[in-house]
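Chemist: Listed below, chain by chain, are the residues.
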Amino acid sequence: MDVLHDAKVQYLEELANHIRETLIETLLEAGSGHSAGPLGMADIFTALYFHILNHKPKQPKWKERDRLVLSNGHICPVQYVTLAYAGYFPKEELRTLRKMHSRLQGHPHRGSLPGVETTSGPLGSGLSQAIGMALAARMNREKHRVYCLMSDAEHQEGNTWEAAMFAGKERLSNLTAIIDRNNIQIDGFTEEVMPLEPLRAKYEAFNWHVVEVDGHNIRAIVDAVHEAVAIYERPTVIIAHTIPGKGVRFMENDYTWHGKPPGKEEAKAAVRDIRTLNDRIMSEHE
Amino acid sequence: MINSVAKLNPKLFDLDIEQKPTRDGYGEGLVIAGEANPNVVVLTADLKESTRCEAFEKKFPERFIEVGVAEQNMATIAAGLGISGKIPFISSYATFSPGRNWEQIRTTICYNDSNVKIAGHHAGVSVGPDGATHQALEDIALMRALPNMKVIVPCDAVEARKATVAATSIWGPVYLRFSRDHSPVITTEETPFTPGKAVVLWKSKKPQVAIVGCGPLLYGALAAAKELEREKIGTVVVNSHTVKPLDERLMLELAETVGRFVTVEEHQIAGGLGGAIAELLAARHPCPIEFIGMRDSFGQSGKPSELIAFYSMGANDIAGAVRRVMGRGAIN
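Quick mapping for you: the protein sequence lines, in order, are chains H and L.
Numbering-wise (this note's numbering), the first sequence opens with residue 1174 and increments by one.
Numbering-wise (this note's numbering), the second sequence opens with residue 51 and increments by one.
Same shape as in the complex, but just chain L (with noise of 0.2 Å):
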């Protein structure tokens, strides 16, 4: 059943819950960042609306950056920006920053140090008709792989809204990931958020099968859990926002008591979420793990649904990972 503490949106599983990108959250959390910290400045390369910068550059004008179409420059003169005491956003598709940008992330701004927080938008193939191009399925693993980077994938655009004012509390560098198709808004303004602290959306009385996920797939998650329940499947469904650092506590804690998991991303298997969840629990606790996300391959030109549905990471693809992993013992 729904995690009480959680105070999830009390409509979640109606068929009229409200659907929202959660790159709009990133919009709205800029202007809130930008009210509270005069330090705070907002780059696109030549994406201002689709990235959601226009509230911001509509308020604060002198602190918004138009760089063109150049994703390397951007990433280092916000890194000139972040050690000159501002705090500054930068905003394209993740395929282009931190696609093509990731040397000068990694020197610039990792190795710098510098205050820099990166959105990546358009993540996943729910990007959807611009084909696999503009879909971003490796961000995650490039910036996971990065010292002093953070990483956080919201799972709506009120926990997008959150994020991107937290990350302006995180000292260094953080990276934000978005996606541009509308998803249902899980959480609501009193769902705990703390960077670093995943939190529990779903626990069965008996669960079997820790899920695992970030991002708007967890919604898939959840109908899943929901139709388990309805199988005698108990499972937990824990929304792991922030991959890096990852919440070892909680999984660790979920491989003693449940002792099965399975990860949900919108992104490569390598590398992502699962990969990271993999090597905790290979060195600390080995446990049974089925991983849903993208299998080494491209995505294409279609519909949001109809790409997440074929690339097996909807809600029946999660529901059939649960069973194949009860296949498998847990060790606990």
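Just chain H, with the same shape it has in the complex (with noise of 0.2 Å):
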């Protein structure tokens, strides 16, 4: 990981931006699909891409290259967005998310699209695919690092803490996960459908070695990943705080906007709203 200088911190929160509003434009077309999460992990989703990860989005199966498993495959858009941005696959093809024979599926399929490393959707079964990467990287020797990105509301499922066990268990080090906390599930807030708190202590119990970050600051969440590579003993999570919808006033913390994609009229407020930082900037493009 290079230094992370200022202006690349402003380069990487304007890349975000961007991000969001191609995802807007992404989701009015398809039709279907998930709103507040993606736009709630655009910035850890730029800030691994175009600074923690080591990859070449040209050849998508180098060897040593860093492994993220998304777990909650439902944010699969901002996965793609990112993707795309970073050089993957056109982003001309974004257009056909959700459609007919694209290689961009509503959950994401290993093998359909390059840089997508494994299938998911149905919740809870990311963090044990990625110690079963962990763990052969581990057994090769390979340098390469395994992050796994997870929604907190798939806490909800067993297999999440069985994995959180194992991983505890094999001092797993080069295993970093990242939880988006923003605290919305489908049926609503997650401590009103199944609380996860103390999340924090469930994690140190386990083994853990936690940190709690801003989801949206940018150096708080590459200075945390530093800081999991540092640490040797035991597997890191980060617990990334995040506003779901986030850059879109209306969307923001409203769970209803979890699992449903803007029509015409809102897709149009939305990337206003993006353009403007919510009407703090005047935007070239009014």
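Just so you know, these hints were derived from the structure itself, not from any lab.
For glycine and all other residues, C-beta sits at the position ideal for the given N, C-alpha and C.
Accuracy of the hints is not assured; some may be wrong.
Stated by the list, open to error - Derived contacts from chain L toward chain H, CB cut-off under 10 Å, selection only: (1) Glu116; (2) Ala129; (3) Asn162.
To be verified - So the derived label-pair ranges between C-beta atoms look like this: (4) L/Val119 with H/Lys1229: 35 to 45 Å; (5) H/Met1273 with L/Arg374: 43 to 53 Å; (6) L/Gly181 with H/Asp1396: 49 to 59 Å; (7) L/Pro88 with H/Gly1331: 24 to 34 Å; (8) L/Ala182 with H/Glu1400: 45 to 55 Å; (9) H/Met1273 with L/Asn198: 18 to 28 Å; (10) L/Val55 with H/Lys1229: 50 to 60 Å; (11) L/Asp96 with H/Asp1396: 32 to 42 Å; (12) H/Asp1396 with L/Ala182: 51 to 61 Å; (13) L/Ala320 with H/Ile1404: 46 to 56 Å; (14) H/Glu1265 with L/Ala105: 49 to 59 Å; (15) L/Ala320 with H/Gly1331: 27 to 37 Å; (16) H/Glu1265 with L/Gly181: 51 to 61 Å; (17) L/Glu329 with H/Glu1400: 48 to 58 Å.
To be verified - Only pairs whose alpha carbons sit at most 30 Å apart, straight line, appear in this in silico DSS-like list of lysine-lysine: (18) L/Lys109 with H/Lys1342; (19) L/Lys108 with H/Lys1342; (20) L/Lys294 with L/Lys256; (21) L/Lys109 with H/Lys1236.
From the two separate chains plus the hints, produce the assembled complex.
Modeler: What follows is the structure, encoded as structure tokens:
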């Protein structure tokens, strides 16, 4: 990982906003899919693919690449848009999301799209797949790292905790999990549907190193990953506190935007919010 | 008479024929596969002794992974290993794996096309005293329905060893089914074993019924064939060790030349080998079929031999099914 200069932080912040804008257009075109989670994770995806990950978009199967497992597959639109921006496939192809014969399946499928490391969608099974990859790397004495992005609500799945227990036992320090702690799920707020707190204490009890960050602060995200790399004796989980629907005022913190795309007028308003940073600046497009 | 090409155990019908559980063959196969290929890794969910992983663990401790009582985790960790160049074998009882972790197998192993081999142990009522919770009777159906999955049910310990080793050279998900109880060693080193290719074990001069089975119950099928020959009823006994992909060529050939079937498996009749054969024949060459297997019920505690008899899956029942199907006109 390079040093993160202030100029790069600003570049990444702007890039994340472009990714949000393309996300809205992509979701509008698809006519179905999830809005809140992808918008909330745009900063983390940008930081990962444009600063943290050691990868080669033109050689998606490069052996030494860092692996990124998206466990909560339903937020794949943000991964697809970021992959397209990074150069894995043409941006025009984003228009095919969720359509017949598209490489951009409604939930990610390994083998369909370059850059997608594994199939996901059914929640709770990404962390253990990432563990399998991290174990293989350790057996082969390979240096690459494995990142697993997870939702908060998938911590209601038993498989997630089976995996957490195993990674703690195996001291898998080449594995870093990042939790999108946005507090919403389909049926409402996580703490009402099925409380997850104290999440930090749970992971600590499972012998993980825990870091909590503001999931919209690029420098904080990068610093947390640096810390994870430095911790040798345990796996690290970064609990990233995010705002679902981040950047679009009428979507922010509203769980009803978890699983639906914007309509035409909503998309227009959303793009305006993103371009003007919620009316804080004038947009050159206005 | 015994098909000489199959090179079966010369002591086949002797009272002192060697008896060995098919799971022993799995354990031996793992070691051979591990020696031949450094990418072979073995996982178990707190059942290393009874699923016969201990010899592999002893020989390759760095390639043995104990996940604790967590079959869903075992399947998904294996999925990650399998797409990272490893050849993981996951070992548990079939009621738990692929029973409990079916969705993980579907999504992360099959849809992912990850190179994972699933060993389902303690299949059938012959598990015995543990009772119905531990007697897998639906696993073939669960695995057969999954795209990318291959399904192999060895008939004895020797074939189990061959199947385990062969699974490493089949790309992608493979389900291997093993039994707990001792059963006669039907085959020998020389018996041909090629995944996807069924083996004729017995062939009378004028066969009127084809008995197609998988797993240790095939010994009962051979005993039935021998008894029926005395009654001048000719049969062909086929070991369809690979349930998926089915040896369609041989089945259709039997449909044309023999025209009546009895299928034999220690599994629910719904969705098993009999179902696979019935699907093929109904579409391509309808024939009368009788099914030996579990009739939509759970098992119970008991001795394996008592259970096989009680649930009508023994040699006498197979012979009875042959006589029944004889009463139905062959279509050929």
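Chemist: It remains to establish, for every hint, whether it holds in the given structure.
Modeler: Going down the list of hints, with the structure as the test:
1. Glu116: holds (9 Å)
2. Ala129: At about 5 Å, which falls below the 10 Å cut-off, the nearest Cβ of chain H leaves the hint on L/Ala129 intact, so it holds.
3. Asn162: holds (4 Å)
4. L/Val119 with H/Lys1229: 35 to 45 Å: holds (40 Å)
5. H/Met1273 with L/Arg374: 43 to 53 Å: holds (49 Å)
6. L/Gly181 with H/Asp1396: 49 to 59 Å: holds (56 Å)
7. L/Pro88 with H/Gly1331: 24 to 34 Å: Cβ of L/Pro88 to Cβ of H/Gly1331: about 33 Å, so the range 24 to 34 Å holds.
8. L/Ala182 with H/Glu1400: 45 to 55 Å: holds (51 Å)
9. H/Met1273 with L/Asn198: 18 to 28 Å: At roughly 21 Å between Cβ atoms, L/Asn198 and H/Met1273 fall inside 18 to 28 Å, so the hint holds.
10. L/Val55 with H/Lys1229: 50 to 60 Å: Taking Cβ atoms as reference, L/Val55 and H/Lys1229 lie about 54 Å apart, which means the hint holds.
11. L/Asp96 with H/Asp1396: 32 to 42 Å: holds (40 Å)
12. H/Asp1396 with L/Ala182: 51 to 61 Å: holds (55 Å)
13. L/Ala320 with H/Ile1404: 46 to 56 Å: holds (52 Å)
14. H/Glu1265 with L/Ala105: 49 to 59 Å: holds (56 Å)
15. L/Ala320 with H/Gly1331: 27 to 37 Å: At 29 Å between Cβs, range holds.
16. H/Glu1265 with L/Gly181: 51 to 61 Å: holds (60 Å)
17. L/Glu329 with H/Glu1400: 48 to 58 Å: holds (57 Å)
18. L/Lys109 with H/Lys1342: holds (22 Å)
19. L/Lys108 with H/Lys1342: Holds, because 20 Å separates the two Cα atoms, which is no more than 30 Å.
20. L/Lys294 with L/Lys256: Holds: L/Lys294 and L/Lys256 sit about 29 Å apart, inside 30 Å.
21. L/Lys109 with H/Lys1236: holds (29 Å)
Hint compliance for this structure: no hint is broken.
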